[in-house]
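J.: Sequence:
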Amino acid sequence: MGLIDRVKAGAEQAAGRARESVQEAQLRHELGQAYGELGRVSYALLEQGVLADERFVAPAERVRGLEAQLAVLAAGVSRDDDNETDTEGT
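Letter by letter, the sequence shown follows residues 1 to 90 in this note's numbering.
Be a bit skeptical, because a hint or two may be false.
With beta-carbon atoms standing in for the labels, derived distance ranges [as the list claims (entries may be wrong)]:
id, residue 1, residue 2, range
1, Gln48, Leu73, 25 to 31 Å
2, Phe56, His29, 24 to 30 Å
3, Gly76, Glu12, 52 to 58 Å
No wet-lab data here; the hints were simulated from the structure. C-beta: ideal position from N, C-alpha, C; glycine also.
Assemble the whole structure, with the sequences as input and the hints as a guide.
T.: Structure below.
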């Protein structure tokens, strides 16, 4: 096998590995999305009282805490926007 043939074979192998890596990354992304969807559905069922298990308590409390933090931030941003509007006219 000549040098050009070996380089070509190496390039083909590298391209094949790159395709596999991209496919793996896409599958991992889809898996993450599926876990997220499952989590959102589970949380909704938990909040509705349809789903109950002590293993959900800590994660559900974490979600509630994060949602509360986001609400505080959103309220602060909303107030900041209102204040900017009020001060712009003066």
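J.: Can the suggested window of 24 to 30 Å be confirmed for the beta-carbon pair Phe56 and His29?
T.: Given range 24 to 30 Å: holds, Cβ gap about 25 Å.
J.: Given the hint of 52 to 58 Å, is the C-beta distance from Gly76 to Glu12 inside that range or not?
T.: The hint (52 to 58 Å, Cβ to Cβ) holds, given that Gly76 and Glu12 are roughly 56 Å apart.
J.: Indicate whether the distance between the beta carbons of Gln48 and Leu73 respects the range 25 to 31 Å.
T.: holds, 26 Å
Against the hints set out earlier in the document, no violation occurs for any number.
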